[in-house]
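Number of protein chains: 2
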Amino acid sequence: MTVTRNTKNVPYYQLGFGAFASLEGMVDARRSPDSPSALFYVDHFFRGGGKAALPLPARGDDLVVFVDTTQEPTVENIDLLSGEAKAFFGAKKPCCVTGIGGGSVLDTAKAVANLLTNPGRARDYQGWELVKNTAVYKIGVPTLAGTGAECSRTCVLVDYSRGLKLGMNSDFTVYDQILLDPALTRSVPRNQFFFTGVDTFMHCFESLRGSYRNVIVDRLSDTAIGLCRDVFLGPGDMQCDDNLEKMMVASYIGGMAAGNTGAVHPISAALSTVLHLPHGKANCCALSVLGDIYPEEHALFMEMKADNGIDLPSGICRNLSDDCYEALYQASIIHEKPLTNALGPDYKTILSKDRLIALFKAM
Amino acid sequence: MTVTRNTKNVPYYQLGFGAFASLEGMVDARRSPDSPSALFYVDHFFRGGGKAALPLPARGDDLVVFVDTTQEPTVENIDLLSGEAKAFFGAKKPCCVTGIGGGSVLDTAKAVANLLTNPGRARDYQGWELVKNTAVYKIGVPTLAGTGAECSRTCVLVDYSRGLKLGMNSDFTVYDQILLDPALTRSVPRNQFFFTGVDTFMHCFESLRGSYRNVIVDRLSDTAIGLCRDVFLGPGDMQCDDNLEKMMVASYIGGMAAGNTGAVHPISAALSTVLHLPHGKANCCALSVLGDIYPEEHALFMEMKADNGIDLPSGICRNLSDDCYEALYQASIIHEKPLTNALGPDYKTILSKDRLIALFKAM
Numbered sequence: 001m002t003v004t005r006n007t008k009n010v011p012y013y014q015l016g017f018g019a020f021a022s023l024e025g026m027v028d029a030r031r032s033p034d035s036p037s038a039l040f041y042v043d044h045f046f047r048g049g050g051k052a053a054l055p056l057p058a059r060g061d062d063l064v065v066f067v068d069t070t071q072e073p074t075v076e077n078i079d080l081l082s083g084e085a086k087a088f089f090g091a092k093k094p095c096c097v098t099g100i101g102g103g104s105v106l107d108t109a110k111a112v113a114n115l116l117t118n119p120g121r122a123r124d125y126q127g128w129e130l131v132k133n134t135a136v137y138k139i140g141v142p143t144l145a146g147t148g149a150e151c152s153r154t155c156v157l158v159d160y161s162r163g164l165k166l167g168m169n170s171d172f173t174v175y176d177q178i179l180l181d182p183a184l185t186r187s188v189p190r191n192q193f194f195f196t197g198v199d200t201f202m203h204c205f206e207s208l209r210g211s212y213r214n215v216i217v218d219r220l221s222d223t224a225i226g227l228c229r230d231v232f233l234g235p236g237d238m239q240c241d242d243n244l245e246k247m248m249v250a251s252y253i254g255g256m257a258a259g260n261t262g263a264v265h266p267i268s269a270a271l272s273t274v275l276h277l278p279h280g281k282a283n284c285c286a287l288s289v290l291g292d293i294y295p296e297e298h299a300l301f302m303e304m305k306a307d308n309g310i311d312l313p314s315g316i317c318r319n320l321s322d323d324c325y326e327a328l329y330q331a332s333i334i335h336e337k338p339l340t341n342a343l344g345p346d347y348k349t350i351l352s353k354d355r356l357i358a359l360f361k362a363m
Numbered sequence: 001m002t003v004t005r006n007t008k009n010v011p012y013y014q015l016g017f018g019a020f021a022s023l024e025g026m027v028d029a030r031r032s033p034d035s036p037s038a039l040f041y042v043d044h045f046f047r048g049g050g051k052a053a054l055p056l057p058a059r060g061d062d063l064v065v066f067v068d069t070t071q072e073p074t075v076e077n078i079d080l081l082s083g084e085a086k087a088f089f090g091a092k093k094p095c096c097v098t099g100i101g102g103g104s105v106l107d108t109a110k111a112v113a114n115l116l117t118n119p120g121r122a123r124d125y126q127g128w129e130l131v132k133n134t135a136v137y138k139i140g141v142p143t144l145a146g147t148g149a150e151c152s153r154t155c156v157l158v159d160y161s162r163g164l165k166l167g168m169n170s171d172f173t174v175y176d177q178i179l180l181d182p183a184l185t186r187s188v189p190r191n192q193f194f195f196t197g198v199d200t201f202m203h204c205f206e207s208l209r210g211s212y213r214n215v216i217v218d219r220l221s222d223t224a225i226g227l228c229r230d231v232f233l234g235p236g237d238m239q240c241d242d243n244l245e246k247m248m249v250a251s252y253i254g255g256m257a258a259g260n261t262g263a264v265h266p267i268s269a270a271l272s273t274v275l276h277l278p279h280g281k282a283n284c285c286a287l288s289v290l291g292d293i294y295p296e297e298h299a300l301f302m303e304m305k306a307d308n309g310i311d312l313p314s315g316i317c318r319n320l321s322d323d324c325y326e327a328l329y330q331a332s333i334i335h336e337k338p339l340t341n342a343l344g345p346d347y348k349t350i351l352s353k354d355r356l357i358a359l360f361k362a363m
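Chains V and C are the protein sequences, given in the same order. Using our numbering, the letters of the first sequence correspond one by one to residues 1 to 363. Using our numbering, the letters of the second sequence correspond one by one to residues 1 to 363.
No lab work stands behind these hints: they were computed from the structure. Errors might be hidden in some of the hints.
Just so you know, same-sequence chains aren't split out, so a pair can sit in one copy or run between any two.
Derived pair list, reagent style BS3-like, types lysine-lysine, alpha-carbon separation capped at 30 Å [what the hints assert, rightly or not]: (1) 361 x 337; (2) 337 x 132; (3) 132 x 93; (4) 348 x 93; (5) 337 x 305; (6) 348 x 132; (7) 86 x 132; (8) 132 x 92; (9) 305 x 361; (10) 92 x 8; (11) 348 x 92; (12) 86 x 348; (13) 132 x 8; (14) 361 x 93; (15) 8 x 93; (16) 92 x 353.
Build the full structure now, drawing on both the sequences and the hints.
Encoded structure:
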């Protein structure tokens, strides 16, 4: 008799080319005399007046913060941002927090929204069910599709000092509203579109190949993988408008599936914490050497990569120091839950230190 | 540029054999000094102390109403039930309304929850966006799978005086929490399991064959149809435990898809309003004569019916009065939106009175 946890869905979504135009009304509907102003986190890519700029529905008394996404969100940076927001809004809280960007920005907005109603620092909430108070109302607007951050119950933060990549896993972390406008992903560079998009493929197949399962997660994972196949192996360029929409829906449905990850994500997390590799690219490097564990999916991934002319960096873990290999091993093997899901309770024997370090060297 | 309406998902679900045990905690979490008591609507099938009885988590000061589901919910009955609830709870509202049953009971609980916070009678809210105030918190527990009532934004009510079958279409109608426990469907009679289950297949293929579409609805409809195929045409009896769970998930995912219906549902609605045929059976009678419009799905349905040894009543519309045929025609053709979705703006020419009456006679 297995019963799932009580699972939270994103309560509201709107989908379509042009959906971004709804943002103004959604933000304004949250404004009140007690909380008249809004907070926006926007990918720094959209700063300035060029082609990439977005018509933000911000007013003079709102706070708009452009987030540098060359690094993944860190606990220190979240503390800085939430401190800045607290100083700006004072006793009045923002009427809502809107995140506009890829997974890093979406997760930044989620983390800050939690810290605006919960005391302490970001690292106090890395883990499960640690957030105690309802967050500030949040609107998520992905401009890059694949991470599922728009509907997941976590916001992944790196703590380099602890060699840890871990999110605030909580129902309070889930967005209250998401806007899925595929037009916002038109300007994404080719490699980045691929690396982020296949994240959906990865966490969905890791879930399906794992031992913690249920029918909803399985079927939604299948559905999301079907969309990824269409985008990366079907007719039409992966970035034609039809595929932009499919990729955005794949990310949403894959995020709703939100199953348990397997062997890819722990190794990817190590590449991010130790070598600062961004998540999507790190996933690809990890899967590229996991043909033994995931033969079918590895072959499919290599086909997707080749079909779309994607360059994956190679040799990224060659000639590192012994300390560095040790750190990579530790930062992988710490992820007990996904590794047990993929390999069973003997995961430390199956993925021995020698084998793991050999995998890193083979990347 | 088509953008979907801002779409509401059921905020929380829990799935699994035994999930029903969570109900007590969920109801108790809603109790407060201001609203200490709860309201339950339960299918009359579960009345009494027999095998079918459920361990309801009701206290002495709660109101438990067993709902007779031999007839579909009517506006008059909803007014009676909401009057009874208002008299019972007085100024204090119930802390939550729980619906335990098939589509009729789930819709009854939704309708009453709306009327407890909105003045007037049930028929005042039949239509779109007419409910103005947040309903009482609702928990839905399906004991029969297929209608999607557990996650739709409507509660279908019949008004025989107006010859109308129409719901309260509103985000306020959506359940706040659903419990999907396939064990509750173990005692469903064979024909009823089939008639209700294929409702998912019907509204999903009607959506896919229609002209109002989007990628989310399409993919979730595909997924739900895949589950229906597994249940009704795959290995194992349709009522083995694996299939009970698949059917419950099909209903949930199909309800989430909540696309637009086509030609089956209007004809089915006429059979319900004029001849009082229950919804699932009425759908099956309707599709049984729609091979011209839906050849592939008609064939698949006939195969599902045969494979599971299901008896569909025949001759139900033979030898009726002219007034009765006229009423059946009017009660079908009034459904402009689904008929336009299926057949285009010329639906009245395509589905002429003569043709429609001939279809009814052929059932």
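Results of checking the hints against the structure:
1. Taking the shortest Cα distances, residue 361 and residue 337 sit within 30 Å of each other inside one copy (24 Å), while across copies they are farther apart (61 Å).
2. Taking identical chains as interchangeable, the C-alpha atoms of residue 337 and residue 132 lie at most 30 Å apart only when both belong to the same chain, with a minimum of 23 Å there against 45 Å between chains.
3. For the identical chains of this complex, residue 132 and residue 93 are neighbours both inside a copy (17 Å) and across copies (27 Å), given an alpha-carbon limit of 30 Å.
4. Within a single copy, residue 348 and residue 93 get their C-alpha atoms no closer than 46 Å, and across copies no closer than 55 Å, so neither meets the 30 Å cut-off.
5. Proximity of residue 337 and residue 305 under a CA criterion of 30 Å is satisfied intra-copy only: 28 Å inside one chain copy versus 44 Å between copies.
6. For the identical chains of this complex, residue 348 and residue 132 are neighbours neither inside a copy (34 Å) nor across copies (57 Å), given an alpha-carbon limit of 30 Å.
7. Taking the shortest alpha-carbon separations for residue 86 and residue 132, only the intra-copy value of 18 Å comes in at or below 30 Å, while the best inter-copy value is 35 Å.
8. When the C-alpha separation of residue 132 and residue 92 is checked against a cutoff of 30 Å, the pair qualifies both within a copy, at 20 Å, and between copies, at 29 Å.
9. Taking CA atoms no more than 30 Å apart as the test, residue 305 paired with residue 361 passes inside one copy only; the shortest distance there is 21 Å, against 58 Å between copies.
10. In this assembly of identical chains, residue 92 and residue 8 lie within 30 Å of each other by CA distance both inside one copy and across copies; the values are 28 Å within and 29 Å between.
11. Taking identical chains as interchangeable, the C-alpha atoms of residue 348 and residue 92 are never at most 30 Å apart, the minima being 50 Å within one chain and 58 Å between chains.
12. For a Cα distance limit of 30 Å, the shortest separation of residue 86 from residue 348 qualifies neither inside one copy, at 44 Å, nor across copies, at 61 Å.
13. With identical chains, the CA atoms of residue 132 and residue 8 are at most 30 Å apart both within one copy (16 Å) and between copies (25 Å).
14. Taking identical chains as interchangeable, the C-alpha atoms of residue 361 and residue 93 are never at most 30 Å apart, the minima being 49 Å within one chain and 65 Å between chains.
15. When the C-alpha separation of residue 8 and residue 93 is checked against a cutoff of 30 Å, the pair qualifies both within a copy, at 25 Å, and between copies, at 26 Å.
16. When the C-alpha separation of residue 92 and residue 353 is checked against a cutoff of 30 Å, the pair qualifies neither within a copy, at 51 Å, nor between copies, at 63 Å.
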